[in-house]
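These protein sequences, in sequence, are chains A and B. Following this note's numbering, the numbering of the first sequence begins with 1 at its first residue and continues without gaps. Following this note's numbering, the numbering of the second sequence begins with 1 at its first residue and continues without gaps.
Just so you have them, the derived chain B footprint on chain A, three or more residues with Cβ under 8 Å:
| id | region |
| --- | --- |
| 1 | 244 to 258 |
| 2 | 278 to 289 |
| 3 | 299 to 307 |
Capping the alpha-carbon separation at 20 Å, the derived lysine to any residue pairs in SDA-like fashion look like this:
| id | chain 1 | residue 1 | chain 2 | residue 2 |
| --- | --- | --- | --- | --- |
| 4 | B | Lys84 | A | Ala252 |
| 5 | A | Lys277 | B | Ser177 |
| 6 | B | Lys174 | A | Phe273 |
A few chain A residues that don't get close to chain B, going by computed Cβ distances all over 12 Å:
| id | residue |
| --- | --- |
| 7 | Arg226 |
| 8 | Asn405 |
| 9 | Ala446 |
Treat the hints as calculated values from the structure; they're not laboratory data. We put the CB at the ideal spot given by N, CA and C, even for glycine.
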Amino acid sequence: MKYLHVLLAVLVVVLVVAACTPAPTATPVPPTAAPKSTEAPKPTAVPATAAPVATAAPAATKAPEPTKAPEPTKAPAPTAAPAASAGGTLIGAFDVGPAGHPQSRPYDQTAGQTWLMKIWSPLLSFNDQFTGLVPQLALEWKPNADATKWTFKLRPNVKWHDGSAFTADDVKFTFELAYNPNFGWRNEPGLKGNLVGAQDYIDGKAKEITGIKITDPLTIEFSLMRSDAKLPYNLTIAYMLPKAVLKDQDPAKLAKSDWFLASPVGTGPFKIFKYVKDQYMDLVPNEYYWNGKPKLDHLINRYLADETAASIALEKGEIQFTYVANDVAARLKTNKAFTTFETPSYVPNYLAFNLRDKRLQDVRVRQAFWYAIDRASIVKEIFLGAAYVPVCGLPDKNMWPADANKYDYNPAKAQQLLKEANWNANDTLEIWTYYTAQNQKDAMQAVQQFLAQVGVKVTFKIMDTPAYNAQFYTGEGWPISYRGITILYGQSGRQPWWASDQTKDKKAWGAIEDPKVPEYILAAESALTDADYIKNMKLLCGVMNQNAYEIPLWVANRYGAVSVKAGNFLWVSSGSSSYEDKAQTWTIAP
Amino acid sequence: MTQYILRRLLVIVPVLLGVTIVVFILINLIPGDPAAFYVSPDLGSNPAQMEIVRERLGLNQPLPVRYVKWLAQTLTGDFGYRTKNGDPVGPVIWLRLQNTMLLAGIALFIGASIGITLGVFTAVRQYSVWDYALTAFSFLGIAMPAFVVGIFGLYVFALKIPLFPAGGISTIGKETSILDTLYHAILPAALLSLNYLASFMRYTRFSLLEVLKQDYVSNARAKGLRENRVINVHALRNALLPVITAIGLSLPSLVVGAVFMETIFSWPGMGTLYLDAVMSRDYPLIMGMNLISASVILLTNLLTDITYAYVDPRIRYS
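Here chain A stands alone, though its shape is the one from the complex (with noise of 0.2 Å):
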């Protein structure tokens, strides 16, 4: 009896102090100084403008012109290397969630392209401060003079994992496949609008895209319905597929084939070692690699369904990289075995209105309600700072006028705003959401405080993401729906702010129609120079901030957490972009 006494005093003792003791760092600091924790980017710093023609070759003499970049993001830096070392394993929870599992498909999900990159490559991406593109498998691309044709010149000598050479031939196949219907590419960048023959070729009236032609086996040719200075910036997330391997394949079956997860065939700089369902992707070197074989032995991605959990593996020492939360990442911010990471999520969240229902349809409701939302305190005490609060959807400051109405808290004009209107003090708003993070959670509930205190009642209907996607798009049911989305640069808000065909009455989900919003729209997408896209992008966020047809809340951060062993390590948040992080040159010290 009294060794139990003492036994369950022990335990007890145990655990309490186990509780108390600092963790062991699992990743010893090693002998070169610990890289200093990257700052994070100012609000103001987003995709940027390059040239539209940012590529080696110079453009057309009457093509459009690059204007001047704007200033860059300040994007954090690539871990300093430790002890020069190469070869061994760097393991990262790169694709954490409850629904996810190691990624591989690149036309089948609007997420991941961290870990996407590793296996495949667009013909180019954003360089790793989203400052402009940089080629990948296509070495230079220039439009011609009104834009609406775009010559890619490929890469010589590039080959796929396999070893056979990687072609325009690829290219096509590939742009044929992730347009067809059976296939479905789910992240498809906007560019099936414009590209000429592609819809008929979806339709099933023609077999080919005839607005894609080869001119050789090393130069491709795109041709537009209208001009679109943008295009490059539309294929960051177009990743190349192999045809040779690919083209007996049915499409149907190959969307949801393991062959993207079991045994793909890239170009990228790693290549598939091994695959264990539910748990890792394993990814050896790829020695074709066209910017010089990877150093590391081994790079894993190890599947963690748990944000908390994965973080608690960084700190074991288990992996060596995975996204944290913001207090986590507070917290390691001091501790120097970690490299912390935080850029901005490019996704604004906002209230979006739904000027179908007629109590949203006075501007001065949606103005008061602008007014009555104190952001400015939700970013400061529910985000903890780390998150900025944007004048219209568009998460790029550079798009926004500088005569923007910032909606600073006035309870007091919301009030007589809604007193001018005549707001119905009894009428309830529902507000749909699909998110379940409890930060959002927090957020939404100080909104529903923030709107009460000014006589507007709201409650939010949380839904599960296949529920609110078959109702939201619809364009019926929800009079305000709390979400969010990415606008990045080369973009336009077509679908959200003009006219989308998933609606049923064809309008934009909130049913917009105030004809400065396609007129801008357009005038952007066709602009020749990054000056007039700017220019237009400018006056579509002054029409939809004048008119606040829709509240655009804050801009999050994101945050990464890499333990100082690997070296040359970055991530930034893509805002479902691919990037360039040079993962050839990462390594791991022992």
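Dock chain B against the given chain A, drawing on the hints supplied.
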């Protein structure tokens, strides 16, 4: 007894049929189109193209036709393919089932063996310090949500006292072995067992205290039997009936899985698979998993009833 078992087995058939019909109707009532997962929202926005996909997935047919087709296919042992990623449903469930049975099996074993032992221990020491301490512990074990226990356990035993791995089912880079798998299973299983342990302890304590008041126990003592024999042979066996019921009701967790613990420990089991199936409106997988779960629940209920007869000879089925 044989007749009874056969009769119960025959009853299972219409019940299963009813369960599959109800589940089939319910999942089709939930908003959300599985075709939307198969086609790009942009490409698929063309109604004609969406119809092609629905036709290929068989979603364009009337509900009764789809159900009968699913049933006919299932009766041949073919559960179909996942809508989300094309995986064959049967092998996916089998793979996850093995993982879940291992995790939940260890947890149930730990919970039952220690829980019953502690239940007896506290019952024979009623109102002692041990009784109060372990009763408090059992309340804590029952009340603590799995996600709290899981995160706390992971934090303490994987990070602070790094005895166990921080999730997963095997060590990356090593050949899979039963020892390695057990090493990964022991922490989540131990944490998962806390709830079982606490419940079984409470059931055993309560039931044994009732039995200990019975005349036949006093009689056994009056005969001069040793206390151990009175407790273990005469009292405990009769006190186990409610515990067996509780264990029987816990058996389906061997198949259904433990969503929170599996998620926290990245354990690829049935719980997380079910969550994924529902989130992605994966009808074939939802149907397959429900059929398996319902079958197991019905069979374990039968098993529990049969066990009653063996434990308590007074019970006879006819």
